[in-house]
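Number of protein chains: 2
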Amino acid sequence: MTQLRQNLATKEWVIIATERARRPDDFIHSGHGPAHDVPELDAHCPFCPGNEEDELEALRLPETGPWEVRIVRNLYPAVAPEGMLVRDFAGVAREMSGIGYHEILVESRLHNETLALMTPAAVTSVFRALVERGREIAQDRRIEMIVIFKNHGHSAGASLLHPHTQIVALPIVPNDVRVRADEARRYYDQQGQCVFCDVLGHELASQTRIVCETDHFVALVPYAAAGPFNTWIMPRRHTASFFGITEVELEDLGGIVQTMLRKLYEGLYNPDYNFVVRTAPTRDGGVDYLHWYITLVPRLAQAAGFELGSGIFINVTLPEACAEFLRKTGVVDGL
Amino acid sequence: MTQLRQNLATKEWVIIATERARRPDDFIHSGHGPAHDVPELDAHCPFCPGNEEDELEALRLPETGPWEVRIVRNLYPAVAPEGMLVRDFAGVAREMSGIGYHEILVESRLHNETLALMTPAAVTSVFRALVERGREIAQDRRIEMIVIFKNHGHSAGASLLHPHTQIVALPIVPNDVRVRADEARRYYDQQGQCVFCDVLGHELASQTRIVCETDHFVALVPYAAAGPFNTWIMPRRHTASFFGITEVELEDLGGIVQTMLRKLYEGLYNPDYNFVVRTAPTRDGGVDYLHWYITLVPRLAQAAGFELGSGIFINVTLPEACAEFLRKTGVVDGL
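Protein chains in written order, with the working numbering: chain A, 1 to 335; chain B, 1 to 335.
No lab work stands behind these hints, which were simulated from the structure alone.
Hints may contain errors.
Derived SDA-like pairs (lysine to any residue); straight-line CA-CA distance at most 25 angstroms [to be verified]:
#1 Lys11(B) - Arg94(A)
#2 Lys11(B) - Val86(A)
#3 Lys11(B) - Asp26(A)
#4 Lys11(A) - Asp176(B)
#5 Lys11(B) - Glu266(B)
#6 Lys328(B) - Lys11(B)
Build out the structure end to end from the sequences listed, making use of the hints.
As structure tokens, then:
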């Protein structure tokens, strides 16, 4: 018999289909192999050194000398900062102007680099730039939500190979974010505790779904993981907003993100993946009931009509088995 | 500048990215071409005549003589009816047994048939079988939600070519369904009207997004369509549950579904698509604030990190332009 599991924090159900269960080993060759098998420099790549369009630049680190990471405006933005924020609601026609920011963080000078193979310090630089730019954008009072995400590989939605992460700042709180926040607030009202702190406590006590730990972060496969090898990287310290991260946490974060990506890279042969920073809306940075974390989703399953109709995902692997596989995958934790 | 549009019924936002806008014509060759270019019979197909496993059968029409449509149990079910419905909630571990029904409706005896090319009467037979089987399943008091959906083509999640639709009956109301129902109830509480009836009224008055109409149904591209050529097929009569459909509506439904699928088939060269019947939870069939409809989603866009992180979709086409394209695509409405 299959099993339905509910995520304590979001109250969302998933189906763990043990009858068609696949072992984690079945996914070993899901990826595309060595990332470095293409040239370091591509003359046609807009993110490669030499092709910088300076008028698009929003931030570079370091500020002098050759850049290590750059943030540039997206040439085809989903939202843009120029213009007035206008709302126009009339019957079924409810619209707002597409005000916001849509920017790209270029993670490396090298065209064929990938976070999994970078040093922890270089990964920390990526996150430091995201935090710095996010804090700047949040000063714009029109912005209500900053979404940070990465698409790695074609099936994960990446159209350019050069390693990059995206920032989209929106003038609304998306419904999904609001629904999750409402659920977390209900839990807080009833239990007097942040639900994510409780989840972390339960997981650390049981240890069955923990992949690795550092001083400031814990990586785990959630109890109700929606797909194979989905993982959360959670700060131990309660903080609603990613942009409230401290410098010592930032330095630690690069290590655990690199470790987790390296485990996927080696264990699954460089699979396509998305990651998303789940963080509080910009004006809710101090709340007691939200807790930021990174959700990491290798692209190993396909959403189809059932997911569209129900919002429920079918996971063909056991989260505990995925955690064990990732724990054993040969990299030193926190390297 | 791009535009944010909000769906009046669900309050979900989409981004209409007019700056990277593509014309509907750009999608003309998105599909796979003629469906009939494979044999009518495949000896290895479990759904072809001659390969029936009678112990899996749940329903066949007609009951005597050669079947036209059959409903069979899924060999690898996500949920199954045998066993006790057990709930076990302890801290982060919240589980239920996977009780339910997961069945396949085989839409035709022909391996290479497709709804778009069938007669309206044959499409009506498909929906009649779904209604009949759904009403039977709803008698099982453990069932709270029946999800009916179709995956057409590989990128839409179909693993078998033989034309089929799926039924999944669940012992829970999925969160997505609950959130939509709550939103619709709020509208009803405030306006004293079903929001879907209001949407339909607005759309019929403006006519800019209507694709075609029959006596009992209206097909339209929603104002806040999440992707290119997304359409809704809505009954004119307020009914919360698909399973409350009347015989005269059923006879009409086959025609408009076939017309819409034929328009996609001809206009976009047989694209992959999903459809989902959005209907009330089994115990809410009589409520005033929900209204069943079919949502039809050609697979022309890819969800990536942004959609995962925000739940917001970026539509690169104007809904009004998609409606106009579909209106003009050369089939007689209601044929």
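Under the criterion that the straight-line Cα-Cα distance not exceed 25 angstroms, is the pair lysine 11(B), valine 86(A) satisfied? Holds, at about 18 angstroms.
With a cut-off of 25 angstroms on the C-alpha distance, tell me whether lysine 11(A) and aspartate 176(B) pass. The hint holds at about 11 angstroms.
Holds or violated: lysine 11(B) to arginine 94(A), with C-alpha atoms at most 25 angstroms apart: With a Cα-Cα distance of about 10 angstroms, the restraint between lysine 11(B) and arginine 94(A) holds, given a limit of 25 angstroms.
Is the Cα-Cα distance between lysine 11(B) and aspartate 26(A) 25 angstroms or less? With a Cα-Cα distance of about 40 angstroms, the restraint between lysine 11(B) and aspartate 26(A) is violated, given a limit of 25 angstroms.
Does the structure keep lysine 328(B) and lysine 11(B) at a Cα separation of 25 angstroms or less? Status violated; Cα separation ~30 angstroms.
Given the proposed pairing of lysine 11(B) with glutamate 266(B), does the C-alpha separation stay at or below 25 angstroms? Since the Cα atoms of lysine 11(B) and glutamate 266(B) sit roughly 33 angstroms apart, the hinted pair is violated (cutoff 25 angstroms).
In this structure, the earlier hints numbered 3, 5 and 6 are contradicted, and the remaining ones agree with it.
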